[in-house]
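S.K.: Each chain, written out:
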Amino acid sequence: MRLSQIFKPSRALVLLCALVCSWFVIVPVGALFFTAFTEDTGFGPGDFSFDNFVAAYASWHILIVFWNSFLFASGTALVTLLLGSAVAWAVERTDAPGRDVFHALALLAFALPGLLTTMAWMLTLSPNIGWVNTLLKPFFNGQAVFNIYSMGGMIWALSSHYFPLAYLLMGPALRMLDMRMEEAAAMSGARWFSTLRHVTLPMLRPALLSTLLLLFVRGMESFDVPRLIGKPARIEVLTTDIQMATSGARPEFGYASALGMSLLAICVLAVYFYRRFTRDAHAYATVTGKGYKPVPFQLGAWRWPVTALISLLFAISLGLPLLTLLWQSFFRTIATPFMPTASPFSLSNYEFVMHYPIFLTAVRSSVVLGALAATFVVIITAVAAWVVQRGGSRFGWMLDALIFSPIAIPSVIVGASVLFAYLMLPIGIYGTIWILLVAYITLYLPYGMRFASGGLTQIHKELEEAASMAGAGAVRMFMRILFPLLAPVFVSAWLYVFVLAVRELSASVFLIGPGTQVLGTISLTMWEEGSSYGAVCALGIIQIVPLLIIVGVLRWLERHVSRAA
Amino acid sequence: MRSINFALGVAMSAACFVTSLNGLKADTSPHPWLDPALLQAAKAEGGEVIVYSTTNEEEGLPLWHIFEEATGIKVQYVRASDSQILGRVTIEARSGQKTWDVAQTANVQKFPDALLAAFEPTEAQHLFPEARGSNKRWYGVYANYNTPAYNTKAIKKEDVPHSLEDFAHHPEWAGKVVLDGTDHVWLATVYRFYGEEKARRILKDLVATVKPVVIDGHLAVARAVGAGEYWIALNNYLNLTLNQKMAHANTDYFVVDPIPLFYGQVGVSAHAPHPTAALLAANFSISQEAQEFLAKFGRFPTRDDVKTEPAGLVAELNAHKPLTVLLSGEEDRVWQKEFKDLLLAH
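Residue numbers (this note's numbering), protein chains in the order written: chain F, 1 to 565; chain G, 1001 to 1346.
Check the hints yourself; a few may be wrong.
What the hints assert, rightly or not - Quick list of in silico lysine to aspartate or glutamate cross-link-like pairs, EDC-like style, CA-CA up to 16 Å:
id: 1; chain 1: F; residue 1: Lys231; chain 2: G; residue 2: Glu1316
id: 2; chain 1: G; residue 1: Lys1340; chain 2: F; residue 2: Asp241
id: 3; chain 1: G; residue 1: Lys1340; chain 2: F; residue 2: Glu236
id: 4; chain 1: G; residue 1: Lys1337; chain 2: F; residue 2: Asp241
As the list claims (entries may be wrong) - Pulled a few chain G residues facing chain F out of the computed Cβ check, cut under 8 Å:
id: 5; residue: Leu1061
id: 6; residue: Val1078
id: 7; residue: Gln1084
id: 8; residue: Leu1086
id: 9; residue: Glu1092
id: 10; residue: Lys1198
id: 11; residue: Ala1227
id: 12; residue: Glu1229
id: 13; residue: Ala1249
Think of the hints as simulated: they come from the structure by calculation, not from any bench. Where is the CB? At the ideal position from N, CA and C, for every residue including glycine.
Sequences and hints are given; from them, build the entire structure.
M.R.: Structure, rendered in structure tokens:
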């Protein structure tokens, strides 16, 4: 008997969910369409027109841009998935020592602002001034070993920053994976590779596809790496074209929106294929009504080697850029670790940041906004994912695609659209932090949705069916069954959105008002207008400290909730 | 709209009247820019002024604090980049919102005319003539001289080029020369100086030989040259190079003609919610008091009565051929295409 036949989510809930999501999504998506299909007059959109599409797509250049974007996004998705899954496996499925440290390090790596990590990789692996290259040159006939200004460099710079995202997404899936199936395969004589191929990977397929999809889209819409590394290397991608259009002397929002439509189409297609591949989602559910308690895989003699390998991964991907940033934060001019530097060592950058006007206001605004955005996103997407997956509606994918679509709209356009919409609507939130909150919820709904969908796929319907048969109502069933089982997923999603929101920049620049500056906009000011790299680095290092405390508290909470579940 | 124009008209008349009175007596006020009549009217509007500016908060907030202390008018300060402010004000204008009073950016002259009020602040008489917008919609707050810069460890002072043509004789600099991707004004200035045909030939030779790398941000250019990532910046804001030099970076400027010169400008909104306070604030931002404050941060003044750091630098630059080319938004788009076709063609 189908769950939807026993218990149909009430029409009111579906309607409410659709309305809430539409409110947050339709406004910017609608603005994207409107701006793309109307004449750009310099005072905003004019008459209906295809001119923006002609300008955006009527040259061979766009093919190069598409190819570069595809190569960059897929390369990043694959490398990131590989690294993140390796860490997730070690932390969630094994008894390797240091797992808690790896978890904290993964979050730390992700908490670092992308602008800073990209800059750090330039200072580390530039053929001219990269300190690693400088150290290695004597052993390679004076030639630079690494060149960050290449497609490979771009993929590495982004992957080393994003692999914690893959870890956050794959971690809960691996945690909930029922090992008895792998044990059964082993008992039947299957070798480990065969077990991996025929048992483990198929069970993880929804989480793998979900993660790949998100990583691919993140790669498509990423901007810091293409701007700082791709541009000097003459590797143009969609986002750099869009950025150029919006930062001209007369911002061309119409042209940028027409290009943004490609990103939107790619993302809607990606959601469609994701749902096709996970159509029989119940087949991947490993948390069922049968009692199951995950037991870590005993590595035996491999315990320390696995820890050493994961440590090496963190030492390279996080240690090198962090060392570069930390070192740089003590100097005013560009400084490379272990190299003589023109300016003297000093704490002046930290003093500068701590005494920077509005710094504390910005910290407070960012933390409050981050917490509110994360909470709203987790609540909305938890309900939406449940409606989509358990509602039994053949139109569920449309709600899924609707919620996912903001990921395809560059943040700068989301910012401009939200600004435009709330200036027109008779809702007095313009110039307050609430307009920033609306934009953040719009921006991060897709991420919450992927977390919630991936987690829910692994919970078999039979648990809810049993609860329903026992007379539990929707709320009771959600709170007593699904919430405890999905708590680790929700905490991961909350953390992820919180970190993203705290460092958000592109949309915020349009929406800040007097007294509502956020950390991202201050960082941008220091980057654009401050005379010192060191001050930006010091700001990044200072940002990490409160994030680490919050991450520590949430990790404790996560374990507490998991244990209770 | 009509009431705004009326208010601006009244404010302008008051300003002219007080200017004529000021001409009759020696001004001993600690704030010569502070017009009591305007102040009274500004306070009657609500005692507030909203400033959109590209100046970082480190400079901008203390600067406007001077204004607050002198007038008792509260300043609401919003900082963003040039293009973000332009995008924001156009979207706000389209929605019919009265959101800002004063804009202080490097591209006020690129704002659509309909967004800006024509005004004549009393302090404008002290500005260099070219720092006054011909349509009375903007006035120069600071001057931005553009010169090339070089890394002093990579290139000796005696080896720096003496003209743009010289770059074509240095194939060893291929990939070591950098330029900001928004230097359209520089390109337009070179064309005006040499003439279109000659300029295009010189730049084509230059591009073919040194293959300049185009990156984002003038500060990024200054930092990268100081660090040795690139050896020469084809063009950059002089004050940024000097700031890097003062911070012990291995960099210095050199001069080749022409020297593009443009201005950080102040404009007043045609739809200002506080039109009189806006006029008072704009007058302050071009005053000697404000420019002396900005000069402490390495900005170059737009008036003779403010000393520069280092002393005599402006005179040295003016002995060459500074050229002011002001582009409208539309013209900038044309030059953006030319820049792309020419500088990114290799």
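S.K.: Can you name, in rising order, the numbers of the hints this structure does not satisfy?
M.R.: Hints 1 and 10 contradicted; others consistent.
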